[in-house]
Each structure stands twice: as C-alpha cells, then as structure tokens.
Amino acid sequence: MEIIKGSSKNPVVDQLLVDFFNKNSSELEGTLYTGYPIIGTAHGPYPLDATLISSKYGVVIFDLISGTEKSDLKGYEDRQDEIFNIVDGYLKSFKDLTNRRQLKVPLTIVSYAPEVYFEIEDIDDEEYLVFNKETIPNLFDMLNNSIDKVFSNEDFSQVKSVIQNIKNIRENTSERKISSPNSRGAKIEEVKKHIATLDPQQSKAVVESVEGVQRIRGLAGSGKTIVLAMKAAYLHAKHKDWKIVVTFNTRSLKEQFKELITRFYVSQTQTLPNWENLKILNAWGRSVVADDDGLYHQFIKYQDDAEYYDFAQAKRKFGFEPFEKVCQEAIQKMNRSVPLYDVILIDEAQDFSKYFFQICYHLATDQKRIVYAYDELQSLSGKSLPSPEELFGNKNGTDIPRVTLERNNDSEDIVLEKCYRNPRPILVTAHALGFGVYRETDERSNTGLIQMFEDSELWNEVGYENTLSRDHHIELGKEVRLTRTDKTSPKFLEEHSDFDDLLLFKTFDNKDDQSTWIAKEIIKNLKEDDLTAKDIIVINPDPVKTKNEVAKVRTILFEQGYVSHIAGEANANIFYVDDVSITFTGIYRAKGNEASMVYVMNAQDCYDSLNELQTVRNRLFTAMTRSKGWVRVTGIGEKMDLLSKEYSLVRENSFDLKFYYPTKEELTLIQTINRDKTAAEKRAIDDANSGITKIVEGIKSGKLTEFDIDLSANDRELLLKILTKD
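Per this note's numbering, residue 5 is the first one in the sequence shown, and the count goes up by one each step.
The set of hints was computed from the structure by calculation and includes no laboratory data. Model, not experiment: these values are computed from the prediction. Hints may contain errors.
Unchecked claim - Capping the alpha-carbon separation at 25 Å, the derived lysine to any residue pairs in SDA-like fashion look like this:
no., residue 1, residue 2
1, 358, 370
2, 531, 546
3, 329, 577
4, 60, 30
5, 321, 311
6, 196, 161
7, 191, 582
8, 262, 570
9, 662, 419
10, 108, 137
11, 196, 498
12, 372, 616
13, 495, 137
14, 283, 370
15, 495, 108
16, 262, 583
17, 242, 89
18, 247, 498
19, 191, 583
20, 662, 476
21, 399, 340
22, 662, 498
23, 283, 296
24, 495, 513
25, 196, 179
26, 181, 562
27, 283, 592
28, 137, 14
29, 262, 48
30, 247, 263
31, 707, 696
Can you build the whole structure from these sequences, using the hints too?
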C-alpha cells in the first residue's frame with residue numbers, strides 16, 4: 005500500500021484517513037493520494053480530497069467531511085453526484101478507458117466523516133456510501149462483495165496513467181508512421197507503452213511538499229525534469245496566488261519546461277498557467293532582454309553595492325567558473341534578502357555552486373520552500389554537490405546550518421532509483437567510462453579510477469547492488485561487483501535489441517571517414533528505421549569545437565536533401581527546431597534533452613586530459629545517457645581504441661561494475677590527481693614542467709651540472725622524496 009500525501013484543505017480528516025490505510029496497509033492494495041488529482045472542468049480546476057487507485061477495487065474517490073454532528077453530513081449526496089459526474093466524464097474522455105459507454109474500471113464515490121457518529125440505518129439511500137472511523141473497514145468488505153467486474157492489468161495501467169496525468173505528458177502530439185513492426189520506430193513506440201504511469205517515488209516527488217527544503221536525487225532518465233514540471237503545475241493549480249519559479253542551467257530547457265507545465269496544468273484546470281505567478285527562468289539572466297531574466301540578475305538588482313556581470317564580463321574578470329564567482333561576490337556583498345518566491349524549483353542542481361543555492365535561499369519567502377533535483381554523475385564541472393548543510397550555509401553569526409535533511413526521511417529526501425530512459429547496457433557503460441572502472445591503471449594512483457563516491461551508499465541509492473556482499477553493502481577497501489537489477493533498470497528498455505545494436509563503439513582513421521559514416525547512418529535511420537529527425541541527436545563533447553567538427557556531417561546531409569541545425573545557434577532557448585531538422589549539439593546544450601538514437605562523435609577527446617580528466621569523462625557519460633534507445637560512440641585513432649577496450653571489458657563483465665573500492669586515503673589521492681585545474685593551476689603546472697624539462701635537457705647536454713642547480717638542502721630533500729616515491 006502506497007500513500008502519497010498532497011496539499012489538503014482538510015488536514016485533520018485527511019490524516020485520519022491516512023492513519024486507517026497505514027494501519028491496514030498489509031491487507032489493502034493500491035495507491036492512496038490525498039489532495040490529488042486536480043481535474044479540469046468548464047468551471048475551472050476541481051481538486052479531489054482523496055483518491056485510491058487499486059488493481060482490485062478500481063478507482064475510489066473520497067469526499068472528506070469534517071465536524072462531529074449529523075448535520076455536518078448535509079448535502080453529501082449532491083457532492084457525491086457532482087464528484088461522480090466530473091470524474092466519470094473525465095475518464096470517459098479517454099477512449100482507451102471505455103467499453104462502449106461504460107468505464108472498463110469501476111468507479112466508486114465515498115463520503116468519509118470520521119468524527120460523526122451515526123447508525124447504518126440512518127443513511128436512507130444505499131447508493132450513497134458514508135462511513136465514519138468505526139465503520140470505514142466495512143467499505144472494503146462491501147467492495148469485495150459488490151465489485152464483480154474483472155478488468156485487465158492494461159486497463160488498470162491506463163486509468164492510473166490518466167489519474168496521474170502522465171498520459172497527457174508522455175503521449176506524442178504527432179503519430180509516427182510505422183512501415184515495419186520490427187523497425188526502430190516501432191520498438192520505441194512499444195517501449196513508450198510500458199512507461200505509462202509514475203512509480204511511487206515519482207508520485208511522491210510530484211505530490212508531496214514540505215515546509216522547507218526538499219531534495220530529489222536520481223540518475224539520468226529517472227524523470228527528474230518531468231517530476232519538477234508536474235510539481236510546478238500541481239502547486240500552481242493548488243495555490244494560484246503563490247509566486248513560483250522554475251530554474252535551471254541549460255537554456256534549452258526553458259521551452260521544454262514551458263511545454264510540459266502547460267500540458268499538465270491545462271489538463272488539471274482547462275486554463276493556461278498564469279505566467280506572472282509561475283515563472284520559468286534561467287539561473288543567470290540578462291539585464292537587456294526581459295524574456296531572458298534569471299535568478300542571479302533578479303537578486304543582484306536589490307543589492308546596493310553588488311555589481312551585475314553578464315557572461316562576457318564575468319569571464320574577463322574571473323576566468324575559471326565565472327557563474328560561481330559572480331554568485332559568490334553577490335552573496336559576499338549582499339545587504340538584504342529578497343523574498344520574491346513562495347516556491348523555488350531547481351533542476352540540474354549538480355551544475356550550481358553553494359553560492360547560487362544561497363541566492364535562492366534569500367529569494368525564498370519565510371517558509372523556504374526550495375526543491376532541488378540533481379544527478380551527481382551529470383556534473384560537467386568534475387565537482388560533487390555538497391551536503392544541504394554546506395549548500396545553504398549557516399545561520400547568521402552561528403555555526404548552525406540553515407538547512408538539515410535526514411537521508412530518506414519522509415518527503416524531504418526523495419531518491420528516484422529507477423531509470424526509465426537508458427537501457428541497462430548503455431547506462432552501466434556510461435558509468436564505467438565516467439568513473440574509469442575499466443581504464444588502464446594510472447601508476448600515480450595504482451588504479452584506473454578517475455573519480456568515485458566517498459559515500460559508497462550512493463551506489464545503492466541510485467539502483468546498484470553489490471553482489472559480492474550478502475547484504476549488498478559496499479565496504480571501502482574491498483572488491484565490489486555492482487549490478488543493476490530488473491527493478492531499477494526495467495528489462496523492457498533493453499529487450500528490443502541485441503547488445504551490439506544497443507551500443508556500438510567504432511574507430512576511424514580520420515575525421516572525414518567518421519563524418520561520412522555518421523551521415524550515412526542517419527540517412528538510413530530516416531529512410532529505413534521509421535525514425536524522425538527529432539529522434540536523432542549528434543553530440544560533439546567539446547562544446548568549443550562543435551560548429552567546426554559537425555560541419556562535414558551536416559554538409560553531406562544537406563547535399564542529400566536533409567535539413568539540420570546546431571542547437572541554440574539561432575535561439576539559445578531552442579534545442580529541437582521541428583520534426584524535419586536533425587539536431588547537432590555540444591554537450592552543454594544536450595543536457596536535459598533526449599533522443600532515440602544518439603551519435604557521440606570525437607569521443608577520443610574524452611579518453612584523457614592533463615588538466616580536466618573528470619570533466620571530459622563526465623561529458624562522455626552525459627552524452628551517452630541522452631539516449632532512450634541506441635548509442636553510437638565514434639572517434640579517431642589510438643585513444644578511441646582505448647575507449648573501445650574499456651567498453652569491451654564492461655561487456656565481458658556482463659555489464660556489471662567490478663573493481664576494488666578505494667579507501668578514504670586512496671579516494672583523496674584519486675581526487676587530487678584527477679581534479680580539474682583552474683587556469684592559474686594550469687599555468688603553474690605548465691611552468692613547473694617546462695622548468696623541469698629544461699633542467700633535464702641541460703644536464704643531458706652537459707650545459708648544466710649539479711652545482712649549477714641552486715636549491716637549498718631542504719628543497720633538495722623534498723625533490724628527491726618526490727622523485728623516489730613509489
């Protein structure tokens with residue numbers, strides 16, 4: 005029995021109903037929602053007090069009645085009629101839920117007045133069901149006896165999808181033309197049918213809110229963006245006067261959020277959102293374009309001594325990590341909080357520093373309703389997201405954190421463990437490459453690992469189990485074998501194609517050959533595979549080089565009559581242009597988007613890097629996890645061969661992650677060696693290496709002797725220690 009608690013107009017009676025279901029959870033089956041769903045009518049949104057969706061009982065709607073006197077029951081028949089007519093009409097508007105003029109799944113309306121005492125004979129009409137807290141158990145005895153209608157699992161899944169409003173979100177606006185039942189297009193349509201409903205954790209994330217900060221964690225493809233869009237629309241429908249803002253890092257997410265929120269909100273209210281009260285804003289924002297406002301820009305306007313920087317200004321002044329630096333300066337110069345928003349929802353939270361979180365904290369009203377969603381593995385900066393205590397800072401003049409969350413405590417910390425986008429082989433391979441699990445050993449750290457969670461529990465929380473431990477526990481300093489189960493990586497995502505078709509690594513001698521092959525494969529996808537242009541993304545991991553690197557592929561496609569575009573080139577907020585234009589993109593604009601077929605070109609650039617190894621590996625991980633069907637990873641030369649070798653080892657290990665989990669000391673060493681360097685650090689390292697090279701060359705040539713090297717005894721000892729270290 006799952007219980008999802010939404011915003012309630014009658015919290016006392018609401019809790020008494022929840023208590024009953026909690027007490028009888030082992031005997032009852034289904035999902036109980038309170039304060040959910042909201043159904044759109046001609047007269048506006050119609051919120052339901054409580055809804056039970058059960059594969060045994062169908063749909064049971066509760067009308068909750070407060071008070072203790074029989075007179076408080078007055079009018080319950082009319083309310084039940086109204087509820088029935090609205091819900092019945094809404095469900096029947098979906099053809100799949102009806103058989104001729106009847107609903108396939110039974111609908112029952114119940115009034116629940118827990119504190120009103122009455123005898124059964126006091127109720128004149130048996131058609132109208134009324135119960136109090138003593139008689140409510142009789143409801144299910146009655147339903148067991150009266151519901152003789154058998155409905156299928158598919159019927160139940162359909163009605164659950166409609167109640168959750170997920171059907172309105174996930175259904176395509178245009179119908180795909182299928183030429184063959186075994187084509188890629190047909191397979192994608194079949195996969196979509198399996199993703200018909202929200203799972204319990206997704207439902208919890210959408211419906212449940214807290215007075216304070218809420219954290220939502222999940223892998224790529226676990227539904228974080230959809231959950232936040234649905235949550236924004238639900239809160240806007242329940243609290244029309246609240247000021248709500250959705251923010252993010254990737255600018256192309258703006259149109260995606262607007263479309264999702266609009267579709268979900270319209271289905272609940274039959275009206276468009278009030279965009280004055282529900283805003284979709286980029287994190288940064290610009291002062292010259294009203295439609296491009298952002299939270300940082302809004303915050304800075306109210307600070308007397310803080311200066312606003314656009315990207316170009318920030319890059320010139322701060323260089324490395326400009327947005328973090330401008331937020332840091334804004335917080336340091338802050339002279340007042342600016343409580344503009346009742347709710348702030350943050351997507352892609354892994355891309356932001358603690359200073360941006362503190363800006364959000366000061367932009368929130370007193371209740372500090374801040375919801376942030378993230379996938380730690382998608383960070384493109386090579387940094388892990390700090391704890392909530394560190395993110396939001398301490399209370400003024402104290403060492404007491406403003407925010408403290410207990411992991412997996414009620415609604416505060418929700419983990420979306422299931423991945424509904426990436427087939428398991430693609431997801432596990434992306435993790436293996438991102439962490440360097442099967443990478444050749446680095447002599448400096450005695451491991452191939454590039455990065456690793458210090459908190460090993462995170463692996464369990466994102467859906468892996470350690471099969472080398474009876475209780476699946478991961479112990480630092482021990483061998484582990486991490487596997488994804490059918491529960492966290494549903495089989496239907498991968499069963500439609502062979503492993504070697506789901507994921508292909510291919511090495512080319514030169515870039516022209518790579519470009520020609522990608523273009524030919526895309527044309528095949530469009531001509532033979534029943535895929536559309538919107539099903540295909542070509543990602544060049546290095547965003548700086550993208551325009552030049554993709555030019556050859558685009559030229560070949562153009563010559564063959566196919567339209568393409570570079571995401572964000574014409575409009576920074578647009579990722580997909582239309583159904584006939586193929587999307588080419590760098591990694592930053594790819595984040596938050598997905599496609600059936602993903603081509604990752606020039607992957608050799610992600611094999612290694614002297615100064616940003618974690619970042620380039622995270623780029624590869626993020627690019628691969630854009631796919632909900634198939635991935636083609638291509639590259640040039642020896643480094644691509646080495647990446648392919650890593651993939652071969654993942655394949656040989658049955659798409660498990662098998663490695664020695666480092667100790668705390670080893671984790672620190674791995675992080676130190678592979679950390680991303682700032683511009684100043686890069687210059688210092690280059691200068692030092694250049695100096696050492698000159699010394700070695702001078703000694704070899706005889707131009708320098710040991711007496712020419714001016715080092716103190718301590719410095720000589722330090723240098724010798726470094727050079728002779730095992």
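Taking the hints in turn, this is what the structure says about them:
1. 358 / 370: holds (19 Å)
2. 531 / 546: violated (29 Å)
3. 329 / 577: Since the Cα atoms of residue 329 and residue 577 sit roughly 24 Å apart, the hinted pair holds (cutoff 25 Å).
4. 60 / 30: Holds: residue 60 and residue 30 sit about 14 Å apart, inside 25 Å.
5. 321 / 311: The given pair, whose Cα atoms are some 12 Å apart, holds under the 25 Å limit.
6. 196 / 161: holds (13 Å)
7. 191 / 582: Holds, at about 22 Å.
8. 262 / 570: holds (21 Å)
9. 662 / 419: Distance of about 24 Å is within 25 Å: holds.
10. 108 / 137: Violated. Residue 108 to residue 137 sits at ~30 Å, over the 25 Å cutoff.
11. 196 / 498: holds (13 Å)
12. 372 / 616: It is violated: about 36 Å lies between the C-alpha atoms, which goes past 25 Å.
13. 495 / 137: violated (43 Å)
14. 283 / 370: holds (19 Å)
15. 495 / 108: It is violated: about 28 Å lies between the C-alpha atoms, which goes past 25 Å.
16. 262 / 583: At roughly 18 Å apart (the allowed maximum being 25 Å), residue 583 and residue 262 satisfy the hint.
17. 242 / 89: Holds: residue 242 and residue 89 sit about 21 Å apart, inside 25 Å.
18. 247 / 498: violated (42 Å)
19. 191 / 583: Measuring from Cα to Cα gives roughly 19 Å; hence the hint holds.
20. 662 / 476: Given pair residue 662, residue 476 holds - Cα atoms ~14 Å apart, limit 25 Å.
21. 399 / 340: holds (14 Å)
22. 662 / 498: holds (21 Å)
23. 283 / 296: Roughly 11 Å between the alpha carbons, so the hint for residue 283 and residue 296 holds.
24. 495 / 513: With Cα atoms ~36 Å apart, residue 495 and residue 513 exceed 25 Å; violated.
25. 196 / 179: holds (13 Å)
26. 181 / 562: Holds - the C-alpha atoms of residue 562 and residue 181 are around 23 Å apart, at most 25 Å.
27. 283 / 592: holds (23 Å)
28. 137 / 14: Within the cut-off at roughly 16 Å; holds.
29. 262 / 48: holds (20 Å)
30. 247 / 263: At roughly 19 Å apart (the allowed maximum being 25 Å), residue 263 and residue 247 satisfy the hint.
31. 707 / 696: Distance of about 14 Å is within 25 Å: holds.
Of the numbered hints stated above, those contradicted by the structure are hints 2, 10, 12, 13, 15, 18 and 24, listed in ascending order.
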